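Number of protein chains: 2
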Amino acid sequence: MFKKVCIIGCGLIGSSLARAIKKYNLSEKIVSSNRSDIVNKKVLELKMVNDSSSDTQKMVQDSDLIIIATPLSSYENVILKIKNSLKSGTILTDVGSVKEGVISLVEKAIPKDVSWIPSHPIAGTEESGPEAGFSELFKNRWCILTPSKKAKEKDIDTLKSFWKKIGSKVDIMDVKQHDYILSITSHIPHLVAYNIVNTSINIQEEKQSDIIKYSAGGLRDFTRIAASNPIMWRDIFIQNKTNTSKEIEKFIANLEELKNAIENEDGKKLEEIFIKTKKIRKEIIKAGQDVSKPDFGR
Amino acid sequence: MFKKVCIIGCGLIGSSLARAIKKYNLSEKIVSSNRSDIVNKKVLELKMVNDSSSDTQKMVQDSDLIIIATPLSSYENVILKIKNSLKSGTILTDVGSVKEGVISLVEKAIPKDVSWIPSHPIAGTEESGPEAGFSELFKNRWCILTPSKKAKEKDIDTLKSFWKKIGSKVDIMDVKQHDYILSITSHIPHLVAYNIVNTSINIQEEKQSDIIKYSAGGLRDFTRIAASNPIMWRDIFIQNKTNTSKEIEKFIANLEELKNAIENEDGKKLEEIFIKTKKIRKEIIKAGQDVSKPDFGR
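Chains as they are written, first to last, in the numbering used here: chain A, 1 to 298; chain B, 1 to 298.
Everything labelled a hint here was simulated from the structure, so no lab data went into it.
Don't take each hint at face value.
Identical copies carry no separate label here, and so any pair may be met within one copy or between two of them.
[Unchecked claim] Below, a list of computed lysine to any residue pairs in the SDA-like style, where the Cα atoms sit at most 20 Å apart: (1) Lys-278 x Gly-267; (2) Lys-276 x Ile-201; (3) Lys-22 x Leu-105; (4) Lys-176 x Asn-202; (5) Lys-29 x Asn-140; (6) Lys-207 x Glu-283; (7) Lys-241 x Lys-269; (8) Lys-169 x Asp-51; (9) Lys-282 x Ser-209; (10) Lys-207 x Ile-285; (11) Lys-213 x Asp-171.
Keep in mind that this is a model prediction, so the values were computed, not measured.
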């Protein structure tokens, strides 16, 4: 499919991509660039790539597909390094979770004949780093493309087909719509998970062991999400701050309503809300986004 | 172990208990009482019990162990029905998630020679009803006992041994401490899950399908918890309203702090908090309360 693919940043997502490209034989050559030489050594040891170095400029040369898989806050720096080494006609994509800010930042910086097509694979685990990746991470997952003005139609088709070949379902979306929808389905849930875990550990030290011991009652499930990559999430919230901030306000207003209902022992209202939220689970299972296998803890 | 056990309410927990008692051969006879005759018929069909009827008074007669497994708001009514039919020396327990209110309610109503020892098995799934139960539900789960003043030492030992025989680890806890710790590890996480799902579905109808479609990014995991039994949770929040209310206030204050950090692009503060919450996950895995198997969605 490609002659040379360059992955910038071999964390969970980048290393999973390298593995998937190799497994499905989608490029003659795969290279990566990582700031840390420990990572460059590791990915070579794991035989995920043919070459890897911290010299990003050198690594991107002659690549047909370049994938930025670093935290959002590093894009400016990455682009600065690579913008003069991009092959004419190359496809440039990323895997970031927020799009509006970076799409124009990159658009302005790169040459005209580069097709800049941001991608967002809705896939991940709470693990980080090159050893946490695996080739099947994208299987049956949605990948959203938000093509920039500098995206050629044929390149959008190529990138679509690339994601499909590694198992994803692909959607094209408007960039504003993407950031809004994802703030609801992903960013706020993560922020709330971080917050509930942070709140639960701010108690007297002698009670902390009880919190851990009885965490299966619900808290446990939040700690999984709240163990996600701190740097990645710091950047996501800041990049999507307008949507995040608005949604938190709605969330707090609704939580205060629930609190009032509890204080007034308004069982009818609570019941109404809980019946409504139960329904949405069925729709998610119907849409194939989860399985109905039960989880434990109460 | 017992001659006759009576389970009042064969929902997820009650029916799992019936199955476990049968499997581990812990009673010569198992009976249940359910308000609904459809349930009474169902549990007989499923051969979980030897007898079942809506006549609770009749069902409890001559039982050595009686387990209340109905929503908390029905306890008053249940006790009213059974208090004059309790065998001298019987052990009375429940499986409710909040203890302080009901412990004295029942204590006042029952005869002196009945051992009232509330239990709280920290086990459950988001499924409800007699068909959702299974005998292994309590395996490796904590069960907390909060013995009342009307609990004989030898009966506490018997009940402990009962829970251990069906696979649980048993702890004895002060009733106030129980309600406080569980508000943090279970009640607030559930309330927040209900609230996040409720907030996410309060958007324009044409965007709802996108919310479902991309729910694997985090929201999905909350919908699982927010699909738990609405009646049960309505009662839990109201019964534990003082703790719940206080903890929501702390949660909201912390969330507002996070919101300010995002608005001010205070990356350092966000990072600090997210690194702290990541650590707690490791402790939970170390304590055997979850596995480190990764989950999906970002």
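Original post:
So which hints don't hold here, by number, going up?
Top reply: 3, 5, 8
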